[in-house]
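S.K.: Please build the complex by placing chain E with the ligands on the supplied structure of chain D, with the hints as guidance.
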Amino acid sequence: MVEVENLTKYYGDLAAVDGVTFAAQKGEILGFLGPNGAGKTTTMRIIAGFMPPDRGTARVAGYDVVEDSVEARRHLGYLPENVPLYDDMTVGHYLTFFAKLRGVSKKQLRACVEAALEATDVAEREHWLIGKLSKGFRRRVGIAQALVHNPDVLILDEPTEGLDPIQVIAMRDLIRKLRGQRTIFLSTHILPEAQAMSDRIVIIDRGRVVAIDTTHNLTTRLQRVHRLRVEVRGPRTEVQARLNALPGILRVDSRDTRDGATVFDVEGSMETDVRERISTTIVKNGWALLELDTREMTLEEIFLELTRRQRPAGASQEVAKV
Amino acid sequence: MKAVLTIAEREIRSYFTSPVGFVVLAGFLLITGFFFYVPLALEHGTLRPMVQNTTVYLTFLLPALTMRLLAEEKKTGTIEILMTSPVTEAQAVLGKFLGVCAFYVVMLVATLQFPLVLSVARATSGTPIFPGYVGIIILVGTLTTAVMAAVTPGNRPLPWVAAGFALALVIVTILAIGKLPESGPVITGYLGLFLLGASFLAVGLLCSALTRNQIVAYVVGLVLLLGMLIVDWMSDWVRRSVPWIAEVISYISVRQHLENFAKGVIDTRDIFLYVSLMVLCLALTVRAVATTRWK
Ligand SMILES: Nc1ncnc2c1ncn2[C@@H]1O[C@H](COP(=O)(O)OP(=O)(O)OP(=O)(O)O)[C@@H](O)[C@H]1O
Ligand SMILES: [Mg+2]
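The listed protein sequences correspond, in order, to chains D and E.
Numbering of the first sequence is given in the working numbering, commencing with residue 1 and proceeding in unit increments.
Numbering of the second sequence is given in the working numbering, commencing with residue 323 and proceeding in unit increments.
Next up, chain D with everything else stripped away, as it sits in the complex (with noise of 0.2 Å):
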């Protein structure tokens, strides 16, 4: 449905965009996931046919975005990510005019108009003047603007950014709600959220794709270690002692906080669940187990991990030389 090939697009000297090759299928959500800056919204905004890339190719729905531009964008909806909207129409109004532009045919425009006003849960709002509305409903009329001519790929730029916790989850079962025949394929610089909302993950990094796999695979792939975070009230040299002497566990760094408590940083072997060990070990001493909680990866560390083994044995005396 999605298909891009060796994506290159600069601005002035800076690669903005530097090889970037992907496919998502029909009914998939791809998720794309990048720190700010990483290329993203220029990926995007090339695949909606907005701007030509410099090298390679995209196509969508079998439609080349630069060859047969009009008809590729027949088949997408795409959310930029600021949410232009034009401030001055209520929400009714605009989508008519996106549907009919679109090519919604006469006899066909007020239920496509209804669907998309109740997929995204505006219908309330449809009299409103979009320029009124608040950022989470502007957010909801985008997409609903992205889904009303029930294109066969949505491309939405970040749809998430800004919402509150609520309105959040809202989003995720939207998303959900959405998918049906559709590809979605949509950009987010958190991870858990696009854990969360996809089902596959393309990663992306100053241009270049680092990683392409499923949400389950890349954690567990990545993930080699268990990481904790155990925070104990009790005699910090001994009982990290204690916890290294644990079977499975492989690393312990410790930090005092300042109300007298100790956080132990523990990193544990990803075959054995090193949780019950570690707290009835505790307990058994004596000492208060305040916390103990699971690390997730952050996006950062992903992307440490990631470089560091795509990178070519060697390449870190190179760049030492440097």
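Hints listed in this document are in silico derivations from the structure and should not be mistaken for laboratory results.
Worth double-checking, as some hints may not be accurate.
[To be verified] Restricting the straight-line Cα-Cα distance to at most 25 Å, the calculated cross-link-like pairs of lysine-lysine (DSS-like) are:
#, chain 1, residue 1, chain 2, residue 2
1, D, 132, E, 397
2, E, 324, D, 107
3, D, 177, D, 26
4, E, 324, D, 132
5, D, 135, E, 397
6, D, 177, D, 135
7, D, 135, E, 396
8, E, 324, D, 106
9, E, 396, E, 324
[Stated by the list, open to error] Interface residues of chain D toward chain E, partial, derived using beta-carbon atoms under 7 Å:
#, residue
10, 68
11, 70
12, 74
13, 80
14, 97
15, 100
16, 101
17, 131
18, 135
Backbone N, C-alpha and C fix where the C-beta goes; we use that ideal spot for every residue, glycine too.
M.R.: Chain E with the ligands only, in chain D's frame:
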């Protein structure tokens, strides 16, 4: 074509829901009214002073209508949604141009009161008085319902009422103009005004495509149009010394071509000038949209 009309319709509607449209319309009526009524009071009633002076104030007013058309889309980023819809640059530009031209036609229709008043004024010289008064009432009715239809869309009867009024107005105007001793120049004068205004709008649209700042779009449009006027004034000045330059200038002068229309003369060369200016500007606008978007 459907895409063009859809975009045009949205633009017309936004002129009726934004203050800019009304400010320009009101300003236009005020100034044209002045240039119509003052000569009317001073001497014989004719439309010629109004038509002739129009070039000057359209120069100031029309860029205000076009300045937002593309600059605003670029500034707010809405162009990203517009141009990722299945429309070509040409369709988008043409739609916007048709939209603003349609609003300009509304402005011209609003000045139809002047020929009507003229026919009332002629009543003293034996012409029936009623078409003028009936016409003014119908004109007010048309404009009111048109504005109401535009600001309360979805209200189905209103556009029909407005269309009915407009039709009646056209009939009455034709009757009234028929009573005028000078009906030819009135009709051709309006044709000339339309062509002149449309070419000014095309210049303004081009300026709007070149920047994302509406003020810049307005000022550049104004300067271009003023430049055309100044060149035109210079033609009188150089006529004595270098006549052939004056010839060239008068050939490309938008104002002097309007004069022919105001006299009641339709010359294909006059029409050709306006149409070619329009086509040139629109083509450049399409190019500009394509390149700014693809940067
Ligand atoms: N119009 C532009 N002119 C020049 N450079 C640009 C332009 N747009 C983007 N860039 C640069 O291209 C790179 C990629 O930008 P892009 O917006 O695609 O990143 P992103 O992944 O969407 O980031 P974010 O998470 O912040 O939205 C950045 O370094 C950015 O500064
Ligand atoms: Mg971005």
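S.K.: Give a verdict on every hint.
M.R.: Hints versus structure:
For the proposed pair residue 132(D) and residue 397(E), the alpha carbon gap of about 19 Å is at most 25 Å, so the pair holds. For the suggested pair residue 324(E) and residue 107(D), the alpha carbons sit about 15 Å apart, so the restraint of at most 25 Å is met. Our distance criterion of 25 Å between C-alpha atoms is met by residue 177(D) and residue 26(D), whose separation comes to about 15 Å. About 30 Å separates the Cα atoms of residue 324(E) and residue 132(D), which puts this hinted pair outside 25 Å; it is violated.
Restraint check: the Cα-Cα separation between residue 135(D) and residue 397(E) comes to about 19 Å, which is no more than 25 Å; the hinted pair holds. Proximity of residue 177(D) to residue 135(D) is assessed by CA-CA distance (about 21 Å); at most 25 Å being required, the pair is judged to hold. For the proposed pair residue 135(D) and residue 396(E), the alpha carbon gap of about 21 Å is at most 25 Å, so the pair holds. Distance hint between residue 324(E) and residue 106(D) is fulfilled; the C-alpha atoms sit about 11 Å from each other, no more than 25 Å.
Proposed proximity of residue 396(E) and residue 324(E) is supported: the alpha carbons are some 23 Å apart, at most 25 Å. Interface hint at residue 68(D): violated, since its Cβ lies 11 Å from the closest Cβ of chain E, which is beyond the 7 Å cut-off. A distance limit of 7 Å between C-beta atoms decides the matter here; for residue 70(D) the minimum to chain E is near 5 Å, and the interface restraint holds. Annotation: residue 74(D) was flagged as interfacial toward chain E, and the flag holds, the nearest CB pair being 4 Å apart, inside 7 Å.
Among the interface hints, the one on residue 80(D) holds; its C-beta lies about 5 Å from the nearest C-beta in chain E, closer than the 7 Å criterion. Interface hint status for residue 97(D): upheld, as the beta-carbon distance to the closest one in chain E is roughly 5 Å, under 7 Å. For residue 100(D), the shortest C-beta to C-beta distance to chain E is roughly 5 Å, which falls under 7 Å, so the interface hint holds. The beta carbon of residue 101(D) comes within 5 Å of a beta carbon in chain E, closer than 7 Å, and the hint placing it at the interface holds.
Because the beta carbon of residue 131(D) sits about 11 Å from the nearest beta carbon in chain E, more than 7 Å, this interface hint is broken. With a least beta-carbon distance of about 15 Å to chain E, the hint placing residue 135(D) at the interface is violated under the 7 Å criterion.
In this structure, the earlier hints numbered 4, 10, 17 and 18 are contradicted, and the remaining ones agree with it.
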